[in-house]
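Peer 1: Chains A and B, in that order, give the protein sequences. Take the first sequence: its position 668, counting from 1, is numbered 668 in the working numbering, and each next residue is one higher. If you count the second sequence from 1, you need to add 1000 to reach the working numbering.
These are calculated hints, taken from the structure and not from any lab test. Quantities reported herein were computed from a predicted structural model and do not represent experimental measurements. One or more hints might be untrue.
With the Cβ distance kept under 10 Å, some of the chain B side facing chain A (calculated, not the full set) [as the list claims (entries may be wrong)]:
1. 1041
2. 1042
3. 1088
4. 1096
5. 1105
6. 1109
7. 1113
8. 1121
9. 1141
10. 1142
11. 1146
12. 1155
13. 1157
14. 1158
A virtual CB, placed ideally from N, CA and C, is assigned to each residue, including glycine.
Here's the letter readout for the chains.
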Amino acid sequence: MHDVIADPWGPATPVARGEEWPERVDVSLSVPEDQVERWVQSASILHSDGDAMDIAVAGGRIVGVRGRGVDRVNRGRLGPKDAFGWQANHAPDRLTTPTVHGRPASWDEAMDLVAERCRALSAPEIAFYTTGQLFAEEYWTLATIARAGIGTNHLDGNTRLCTATAGEALKESFGCDGQPGSYDDVHHCDALALWGHNPAETQPVLWRRMRDRLEGPDRPRLLVADPRRTVPAREADVHLALEPGTNLALLLGLQHVLLARGWIDEAYLAQSTVGLDLLEAAVREWTPERAAEVCGLRPAEIEAGAELLGTCEALLSTVLQGFYQAHQATAAACQVNNIHLLRGMLGRPGAGLLQMNGQPTAQNTRECGADGDLPGFRNWANGRHVQELAEIWNVDALQIPHWGPPTHCMEMFRLCEEGSIRFLWISRTNPAVSLPELARIRRILGDDRLFVVAQDLFPTETTALADVVLPAATWGEKTGVFTNADRTVHLSEKAVDPPGQARSDLEIFLDFARRMDFRDKDGGPLVHWHDAESAYRAWQRCSAGRPCDYTSISYDDLRGGSGIQWGGPRLYEGGRFAWAHPDACETYGRDLLTGGTYEPTEYRAMNPEGKAILQPARWVPPHEPPGDERPLRLMTGRTVYHFHTRTKTGRTPELQAAAPDVWVELAPADAAVRGIDEGDVVEVRSARGVVRAPARISGVRDGAVFVPFHYGSWDLPEDDDRAQARAANELTLTSWDPVSKQPLFKAGAVQVVKVADGTGRAPAPDLAASAPMEAVR
Amino acid sequence: MLGITTSLDAARREARGAVEDLAGEVRRLGERHAADHDVHHMSRTLGLLLDEAAAGLGAGREPDAEREGGRFARVREAASKAMGSRPPAGALLLADLRRFLASASDASVACVVLAQGAQAARNRDLLEAVTVAHDAVLRTHRWALTRLKVTAPQVLLGP
């Protein structure tokens, strides 16, 4: 295949509107192709795109991957992480045996201790913190154990950090989670809007698809809202490089113009929505001038953006972390939904909306109820939904916690800090690098009052603080199903055995359930499944009749061909929003400003027939505005070569070499006044901590600073003085969106000072958003 | 303590005072629970919202010196952060939320009394102002009630 490090997006295959995306099968092998003994079907777990691929096996080892040309998601294409990330499975430092307080132990010893600690505690003292990288069968099993077995309200996923706002924004606008749009909409739209979404780095194959339309004969117009000069921003007709913290103000301004110009679909609004009068009142004062002033833009830019949105025939919007991890996240993401409702841009080819996911299996975390909702998108405040679940589990409905919203991860860590939670089981995530304000997180995890179980592939900054460490099997070493950001379900089959004594997360959870002897109300085993496929069948039954209904998608259906979308190509055709009905909806809603929950009767009065909800919102200034001492705004984010805390990609030679160490991006003007040149060592200082790294003078907006969040300390020498000055989250603020509870990684004030002359260029990739300013001017 | 209110202006001053006091109280709640980030950040947003709502109700009392923060506020925040990692923090929050909700209810009733009077007096401007103020109070009440519902089970059944 092409050099996917030098060109992460690969050769173009331009397409016209309405045309199918051609196949382009990429193959990445470490041995000659004729030595491959078997190809095993799977899809990527290093981003949310779900690029389908076959795993090549030779001599009992994974030797590469090949894109699946037949699959609707990537038509054979692979991105850099797809092509090389599999090598991490073979890293020499994989965990291969359980440990108890640092010494090797048998599975029996470790799991007996875990079960014994649980039995000694009451349900509110026990918490589970999982990920967006397990398979559906595993989340479903974990949700069953936590909700019906233990009966604790404290179960959440690190999807809280990446995709919680997507779910909440969909629920607030449409009554229920579920992506309205489809990747096919890229081929039918005549306008594309990327809201805080940089697909060139988060989902390189999706960006290839978009760019193939942009390079085709009837290019859609492109709007990008992003403070960085990303690759899509450079291609955009309208790039709104707004100040961090002002997304909501921008969207209020855009809607003001849409309404003032009459660029709305009145018939659609009358038939399919509620709340137009409140929305009109909320945007009335947001003239382009006012919005431009708050956002640091020119009024003409707001007008141009509104004109693009207001005059197209078929608009596709995508939204991601630039909105989800920023101030007033849910309120802002809901305004994008509003625009689609105002213009009737849903439920037909090209008129689509994707509130994106950040992680490969985040969709399943949400669907299976492992991240703050009940399984099957059920509403904790709806007694009938809880009763249904009680019947599926065959337990008393009172056993299932539903006195309030399930505890979100930031609140769980707060309760650990208080000493109110005493047992925390962390599966496959690395909070000691990924959560905000790391000094605090390390203190919490290191507190003797808290018993920490960590289940992972590698030693991490988190396993270092755990009482019990469990070695887990991963992708390619176990079987299961997962679902991408456009509802495409893939089966990932076991290709090779896991190393040493490592076990799949499913086996570990099943073992725990046996030791705890969880029973249903008739005395039968609560967890009555024994492997991936039987777990999947139990999950199918739970999903029946809900929007994410998997009953018609079996393992066999998923074998051989393309992945399959649940819910069909697009939701909400014909302007019908059945899941917004008071009896069906996943939430009765929250106040977007405070997160206060509405009562069922209030929702019923507001939306008796189940229509889409236009959500008004009120912009307020960010919690930690820049000031004299810390005049710059911090944003953290990712690069195309790495995933999360680099546990896998940092152990992949090509990816690690492409982005070997942390850097700090500054705008030319901000660098100049501080006497900072490319490669100079700088310190970024916040009220919480410090990061020390070389500077990259990039196309980031004036007044904003970007630091990639991938770099913890696991690959530093033990005595390295950067151990607590390398991770971006040393700097971040403990603060979250009031509705989605997503931590705000793109908030907080910092100062940047030069501490030493550079010895060369910053270790930042010279392409994509981190490209040096002179390359993108 | 509620007085006997017999004129529209007295009702206005009473409502204004109640909303203003609630702004002060929500800030104090945020300072007392500075280690609880949700309460801490949201109390500031709600404080601003309530200030704005109170100002809309016309002239009131002199500004409360303590409202601007100052020495007492810093002491409360420091005390919260020091206390914040011990178990009673949740119980204290629950108790404070209960008291706070009672104040929010009082402020809500004061707004209702004023709104009824404004309507009967056909005073459109006052009616609009009190509607805005009442919305801010109800929003604050809803937020505090949601917090209380989440906090209570953990305090009552936790360690």
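Peer 1: Each hint should be assessed against the structure and marked as holding or not.
Peer 2: Tested hints:
| no. | hint | in the structure |
| --- | --- | --- |
| 1 | 1041 | 5 Å, holds |
| 2 | 1042 | 6 Å, holds |
| 3 | 1088 | 9 Å, holds |
| 4 | 1096 | 15 Å, violated |
| 5 | 1105 | 15 Å, violated |
| 6 | 1109 | 19 Å, violated |
| 7 | 1113 | 23 Å, violated |
| 8 | 1121 | 24 Å, violated |
| 9 | 1141 | 8 Å, holds |
| 10 | 1142 | 3 Å, holds |
| 11 | 1146 | 5 Å, holds |
| 12 | 1155 | 8 Å, holds |
| 13 | 1157 | 5 Å, holds |
| 14 | 1158 | 4 Å, holds |
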